[in-house]
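J.: Below, each chain spelled out in residue letters.
2 protein chains.
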Amino acid sequence: MIGVKPYNIRLYRLAMQHSSVAAESDNVKGFKESNERLEYLGDAILGAVVAEYLFKKYPYKDEGFLTEVRSRIVNRESLNRLAFKIGLNKFVEYEGKRHSAQSHKSIYGDAMEAFLGAVYLDKGFKFSRTYIINNLLQQHYDIDEVVETNTNYKSLIIEWAQKNGHSVEFAISKPGGGKSNKQFKVNLVVDGEIMATGSGYSKKKAEQDAARKTCDILDVS
Amino acid sequence: MIGVKPYNIRLYRLAMQHSSVAAESDNVKGFKESNERLEYLGDAILGAVVAEYLFKKYPYKDEGFLTEVRSRIVNRESLNRLAFKIGLNKFVEYEGKRHSAQSHKSIYGDAMEAFLGAVYLDKGFKFSRTYIINNLLQQHYDIDEVVETNTNYKSLIIEWAQKNGHSVEFAISKPGGGKSNKQFKVNLVVDGEIMATGSGYSKKKAEQDAARKTCDILDVS
Numbered sequence: 001m002i003g004v005k006p007y008n009i010r011l012y013r014l015a016m017q018h019s020s021v022a023a024e025s026d027n028v029k030g031f032k033e034s035n036e037r038l039e040y041l042g043d044a045i046l047g048a049v050v051a052e053y054l055f056k057k058y059p060y061k062d063e064g065f066l067t068e069v070r071s072r073i074v075n076r077e078s079l080n081r082l083a084f085k086i087g088l089n090k091f092v093e094y095e096g097k098r099h100s101a102q103s104h105k106s107i108y109g110d111a112m113e114a115f116l117g118a119v120y121l122d123k124g125f126k127f128s129r130t131y132i133i134n135n136l137l138q139q140h141y142d143i144d145e146v147v148e149t150n151t152n153y154k155s156l157i158i159e160w161a162q163k164n165g166h167s168v169e170f171a172i173s174k175p176g177g178g179k180s181n182k183q184f185k186v187n188l189v190v191d192g193e194i195m196a197t198g199s200g201y202s203k204k205k206a207e208q209d210a211a212r213k214t215c216d217i218l219d220v221s
Numbered sequence: 001m002i003g004v005k006p007y008n009i010r011l012y013r014l015a016m017q018h019s020s021v022a023a024e025s026d027n028v029k030g031f032k033e034s035n036e037r038l039e040y041l042g043d044a045i046l047g048a049v050v051a052e053y054l055f056k057k058y059p060y061k062d063e064g065f066l067t068e069v070r071s072r073i074v075n076r077e078s079l080n081r082l083a084f085k086i087g088l089n090k091f092v093e094y095e096g097k098r099h100s101a102q103s104h105k106s107i108y109g110d111a112m113e114a115f116l117g118a119v120y121l122d123k124g125f126k127f128s129r130t131y132i133i134n135n136l137l138q139q140h141y142d143i144d145e146v147v148e149t150n151t152n153y154k155s156l157i158i159e160w161a162q163k164n165g166h167s168v169e170f171a172i173s174k175p176g177g178g179k180s181n182k183q184f185k186v187n188l189v190v191d192g193e194i195m196a197t198g199s200g201y202s203k204k205k206a207e208q209d210a211a212r213k214t215c216d217i218l219d220v221s
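Those sequence lines, one after another, are chains F and S. Going letter by letter, the first sequence gives residues 1 to 221 in the UniProt record's numbering. Going letter by letter, the second sequence gives residues 1 to 221 in the UniProt record's numbering.
Hints should not be assumed to be uniformly reliable.
In silico SDA-like pairs for lysine to any residue, Cα to Cα no more than 20 Å straight-line [said to hold, decoys possible]:
(1) K56/S / N8/F
(2) K32/F / Y201/S
(3) K56/S / S25/F
(4) K61/F / V28/S
(5) K126/F / F127/S
(6) K56/S / N27/F
(7) K61/F / G30/S
(8) K57/S / V28/F
(9) K57/S / S25/F
(10) K32/S / Y58/F
(11) K32/S / G64/F
(12) K32/S / D62/F
(13) K126/F / K126/S
(14) K29/S / D62/F
(15) K57/F / N27/S
(16) K29/F / K61/S
(17) K61/S / R10/F
(18) K57/F / L14/S
(19) K204/S / Y131/S
(20) K56/S / Y12/F
(21) K56/S / R10/F
(22) K61/S / S25/F
(23) K32/S / T67/F
(24) K57/S / K57/F
(25) K29/S / K32/F
(26) K32/F / Y58/S
(27) K123/F / T130/S
(28) K56/F / I9/S
(29) K29/F / K57/S
(30) K57/S / E33/F
(31) K56/F / L14/S
Now the in silico label distances, taken between C-beta atoms and shown as ranges [claimed, not checked]:
(32) K5/F / G124/S: 19 to 27 Å
(33) R10/F / H140/S: 31 to 39 Å
(34) E169/F / R81/S: 34 to 42 Å
(35) E169/F / E148/S: 35 to 43 Å
(36) H166/S / T149/F: 42 to 50 Å
(37) K5/S / K90/F: 48 to 56 Å
(38) Y60/F / I133/S: 28 to 36 Å
(39) S202/S / E169/F: 25 to 33 Å
(40) Q138/F / I133/S: 28 to 36 Å
Just so you know, these hints were derived from the structure itself, not from any lab. Backbone N, C-alpha and C define an ideal beta-carbon position, used for all residues, glycine too.
Full structure from sequences and hints, please.
T.: Structure follows, in structure tokens:
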């Protein structure tokens, strides 16, 4: 999948191991080895590589733009799709794999990140960076389209609520300490309960962000 | 400051330039050049390096622990302090520097990140990684202390509220899609308004996170 032979195949195996099938560590009692630690690492590496890629691709766009485009590229849904595109889904192991695909929506995206964590540990930053840019970003994303496609998540949620008889409200939560926190924060409240908090450099963007997260949670699309 | 001669001094100068003193770009009308883009990049690089550092330092700790310790290392307050420790504060340029230190609390931490963005672009990942680990993490942080120091932010906020006649409430916001979102989310509500949302792998941790953010916003310590 990465085009070269791994040095340490164990890392890649671990990356495919969801916590539901984790075995207890031989070394430390009570510690279960799953792909969650690698996911944490891969998430950070992917974030850094995509950050630089967008920084250089868009030299005259501000950090609000860069942050938003990055979050569209690395969000759970997008990584889930990516895992299927590169065929990673076939290798992921979790309990009840054959049964409830629905409830395991994020498993593939998580494994995607864990896989990148494994690649980084096995092959280093330079290799990972090239792999992510050449094999993932350039082959499986149309970044200009990502930039332009403004899925209107707010409309999606409002439609969903009307159809299913729920109340929906977008409530601005204080942006906080003036200059120290430039982003707006908005809570999306469904039937009186906060479902998600969105942030962004405008009220509209924060609403969209909250709506996107809620679509993710409620599986609305 | 980084021990070697920069290739491109312009990057480091830009990193010290807060948006309040940004000049319009020669190339693109309406685009102001400040350190905000570099801050976005530096934040990502720092996040990745600290992620790996903790991953290797704590081989038997789960990702919840790693995420939490990382956020303590790279939070705004901690980066502000770091900027002073390495003397970066002397170089930061912003409007009204001599007057209102108070309202510019995050400027130094932001510049710290921008500086790391400049180091990365100028010297590459390997250099940045070594610099961050050897010169920043190992010299200016006592990681074991960071791990053990559990500032009780929740108590701090409750104390502050009692002293100043405010109401404080911690409200659990739905964790969302079951297995797809393992973290708890808690809103900290002051006088009926949400001040911050915290997340964590337990209710207690999410509360602490929300309280820490609120302490940051309200300048409570």
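J.: Which hint numbers does the structure go against, in order from smallest to largest?
T.: 19, 24, 25
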